[in-house]
Amino acid sequence: MNEQPQSLNPKASIDVSAIERELTSLWKQAGEDEDNGGIIRASLLNLIIYAPSDDDLTKLDDILTDVTAAHPCRAILTIADRQAEQSSLSAEVTSRCTLPTAATKQVCCEQVTITARKAQVDTVASLIVQLLLSDLPVYLWWRAVPRLDDKAFHHLVEISNRVVIDSADFRETYRDLASLADILRDNPRWAAFSDLNWARLTAWRALLAGFYDVTEYRPLLDQLNRIVIEYSPLEESEAIPARALLLGGWLASRLGWSVAGGAKTTPESTLFELSAGEKQLTIEFTRTSRQIEPGHLALVTLGTPANHAASFTVRRSADGKRIETGATLGEEKRFQRVLDYEDWSESALIGKELDLLGHDRVYEQAVIRAGEMVARSGA
Amino acid sequence: MSSKNDNPLREGVRLERAADPCTVVIFGASGDLTKRKLLPALYRLTQERLLPAEFAVLGFSRSPMSHEEFRDKMKDAIVTYSEAKRVDEAVWQSFAQGIYYIAGDINDPDCYQRMTELLDQIDRERGTAGNRVFYLSVAPSLYSEAIEQIGAANLARPKQGSWTRIIIEKPFGHDLESAKQLNQDVAKVFEEEQVYRIDHYLGKETVQNLLVFRFANGIFEPIWNHRYIDHVQITNAEAIGVEGRGGYYETAGVLRDMIQNHVFQVLSLVAMEPPISLSANAVRDEKIKAMQAVRPISVETVAEYVVRGQYGPGSVGGKQVEGYREEPGVNPESATETYAALKMYFDNWRWAGVPFYIRSGKRLPKRVTEIAIHFRQAPHLLFRNIPSQQLEPNVLVVRIQPDEGITLRVGAKVPGQITRIRWVNMDFRYGASFGVSSPEAYERLLLDCILGDSTLYARRDMTERGWEIVMPILEAWQSAKPAFPNYEAGTWGPEEGDELIEKDGRQWRKP
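Protein chains in written order, with this note's numbering: chain A, 1 to 379; chain B, 1001 to 1511.
By construction, these hints were calculated from the structure, which means they are not laboratory data.
Check each hint, because a few of them may be wrong.
[Stated by the list, open to error] Below, simulated DSS-like cross-link-like pairs (lysine-lysine); rule was C-alpha separation at most 30 angstroms, straight line:
(1) B/1075 to A/333
(2) A/28 to B/1413
(3) B/1035 to B/1075
(4) B/1289 to B/1180
(5) B/1343 to B/1510
(6) A/352 to A/59
(7) A/59 to A/151
(8) B/1319 to B/1159
(9) A/352 to B/1037
(10) B/1085 to A/321
(11) B/1085 to B/1170
(12) B/1180 to B/1159
(13) B/1481 to B/1503
(14) B/1037 to B/1073
(15) B/1366 to A/321
(16) A/279 to A/321
(17) B/1343 to B/1170
(18) B/1073 to A/321
(19) A/352 to B/1085
(20) B/1170 to B/1075
(21) B/1366 to B/1510
(22) A/28 to B/1510
(23) B/1170 to B/1035
(24) B/1037 to B/1366
(25) A/333 to A/352
(26) B/1075 to A/321
(27) B/1159 to A/333
(28) B/1289 to B/1170
(29) B/1035 to A/321
(30) A/151 to A/352
(31) B/1170 to B/1037
(32) B/1366 to B/1319
(33) B/1035 to B/1366
With the hints as constraints, model all of the structure from the sequences given.
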């Protein structure tokens, strides 16, 4: 149940105390309306959502309903309209309440929606900082491409503990990924970064890692010399999707493989040359012919040299509903495992990110290594 | 030998509790627990990728069945009892390949020979690396025999580089003597660190949270003692009756069924000193140390410290219900207690003079398990003109079920010209603050065992100490016939239960 929004008149600056007064009034009203022992106001965190337009407000509203049910917070939704003719700021406040059940009370949290137009976009962080609940972590969900020269991004990151992006939204994959790699490389003391696209790789990473938890297979990890990542191409780009690049970057960084040469590109694949000491290694990204959602992974194969051939595969099933693993040692095929393929909703993904604090160094290294690869792609 | 720590791909993968390859051998595989809890839990753990591909289940019971028939039964069970109520056929087939079955008599050594051969075959086929969990989900009277046979077949000793563990379901003994005997039987075959005595209460999130709450928050530990705490109440109430288990309950009663195991586990977590680490033995050392400080209740003093009750007909949740003696399988003259209340003391520095009131029963008004810490009154009565009923002490309530959470009751001034005090609850509800559902207790406990973490399992000394404390009570009760039934179903127990606490000038909370 959402309360009707209480709007504050648009103007160039907003009185923060007026917003707080409106919020207090909402709580008082909600408490008076509730004849069943009152409501519970809970807050675990501050969540700032930066949306570069109001195009997907309905979708965001649904996501916030799900997210706030599991992560009570003060949500500050910021709609940035840089194309507006005049600079202005407006705000409205709403409460978001879960329906009570026989065993649970009604839990409510609050939302402030700020619309910043034109020049006010760059200064909106100075308003938001006054609205943050003290002593609670600040998550910034940046629904745009992160760029260091974007003032709004810069200011909002500085008041946040964790920044969540989604590299699946990168339109110019190589440039955007390289920009993200620069940010992570050059600002190690900044807020922690996480990526919904990285979270989508969790199952793949866990299954690939799981092969080498087995004592028998563990030594083969050091013998790997080729990785093939098969992906479904993007609709409007020839570039390798960010998800595939992140997985490649992760494998290369974890295995200690450095980018050694340029990329060899054909219409169907791109092959990167890497090295680890004296060893020559390859990571190949190939387009799948299977019907899988654009940008998703189809198959990952980790292989050793032909003279003691072993390969480990994780693949989406033909119908895309399952994920299958298998190992081949010489001629012998080891048992396979089939698990449900979890295509998590955006709400579920953002919810999982809100459980995390602190830097994910493995992710950061994966992005940096992926950035090094795309820098050699020649694209 | 390499380990997961050597695997560079494992670092940073968000599923940090990946388990070793292993086979779980379930004794009593055709039983209810296997269908309702164990297989659904193992299936879910697999789906969450918390169990490796190199995993297998071997069911063992008397009923003749093929592997395929057992798999079909388990599939039905998972569909019926799992949260999702469905399985994907291809995913199920993959999981089912790792399910095996062996039929036989638990007393028959030949069975264990066949079991050994099958386990070796599973190791080869599934790569389970010789790691085994034996899960005893059979009648308690068969525990010792099963353990002896496992030992005789040389199944208890792990092969080089492997591990073997055993999970034993409650009840762990019927009295002190039988518990000691069972522990001796277990110790002849298994080392203590191989033994996991399950108490599913310890798998509950709020019980685990007690450790975090007490020892991760600096503000509580300094006041967690006799200087600030007046008394503690632990309530473990069930609204249900014996639910068709009258035959079993007649041999148990609430003292054996709930208090000496579940409630004492919770009690020890409240009373224990801070452990030196979170290792299984460090935590369990402190728990047993606390329980060793429990002031013994002698046969002669039972009437002073303990009350028993049995419900008669009444109404619960708007429904008329019959009395305990009218339940199927119950002796119409039964003297089995369905309610017990105890007053206990810990004779140690921290808890000197602080009474712990415990009550547990069936057919009470509602299902609730909670710990209520009642603090002392403010030392100086500034508000002399305030009516005394407005001057109550602070209470901290840790609710274990349902609606897990923590509530602190504090006094606040009612706005107005005069000073009036109202008591308000500051609530932390798990459901409100963490919208995610907690894992099923069996999932958590099974995974802990496979990972070799016995923190949430009962150690030998704890099981025996629980019995030591209650034995004089059972003895005293056996020698005197009670005037049962003495409370109406749907009430908070017999009047004597209220008197137990009221004679000390205190009252039970109404949860």
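Between the alpha carbons of residue 1170 of chain B and residue 1075 of chain B, is the straight-line distance 30 angstroms or under?
Within the cut-off at roughly 26 angstroms; holds.
Holds or violated: are the alpha carbons of residue 1366 of chain B and residue 321 of chain A at most 30 angstroms from each other?
Distance ~43 angstroms between residue 1366 of chain B and residue 321 of chain A Cα, so the pair is violated.
Pairwise hint evaluation, residue 1510 of chain B against residue 1343 of chain B, where the allowed Cα distance is 30 angstroms at most:
Within the cut-off at roughly 18 angstroms; holds.
Holds or violated: are the alpha carbons of residue 1481 of chain B and residue 1503 of chain B at most 30 angstroms from each other?
The hint holds at about 24 angstroms.
Starting from residue 1075 of chain B, check that the Cα of residue 333 of chain A is at most 30 angstroms away, please.
Holds - the C-alpha atoms of residue 333 of chain A and residue 1075 of chain B are around 27 angstroms apart, at most 30 angstroms.
Would the pair residue 1366 of chain B and residue 1319 of chain B pass a check requiring their Cα atoms to be no farther apart than 30 angstroms?
holds, 13 angstroms
For residue 59 of chain A and residue 151 of chain A, compute the direct alpha-carbon distance and say whether it is at most 30 angstroms.
holds, 26 angstroms
With the threshold set at 30 angstroms, check whether the alpha-carbon distance from residue 1319 of chain B to residue 1159 of chain B stays at or below it.
violated, 57 angstroms
Is the Cα-Cα distance between residue 151 of chain A and residue 352 of chain A 30 angstroms or less?
holds, 28 angstroms
For the pair we were handed, residue 1035 of chain B and residue 1366 of chain B, check the Cα-Cα distance against 30 angstroms.
holds, 28 angstroms
Are the Cα positions of residue 352 of chain A and residue 1037 of chain B separated by 30 angstroms at most?
Given pair residue 352 of chain A, residue 1037 of chain B holds - Cα atoms ~27 angstroms apart, limit 30 angstroms.
Checking one constraint from the list: CA of residue 1035 of chain B to CA of residue 321 of chain A, max 30 angstroms. Satisfied?
Given that 30 angstroms is the threshold and the Cα spacing comes to 27 angstroms, the pair holds.
Consistency with the previously given hints fails for numbers 8, 15, 16 and 25, ordered from lowest to highest.
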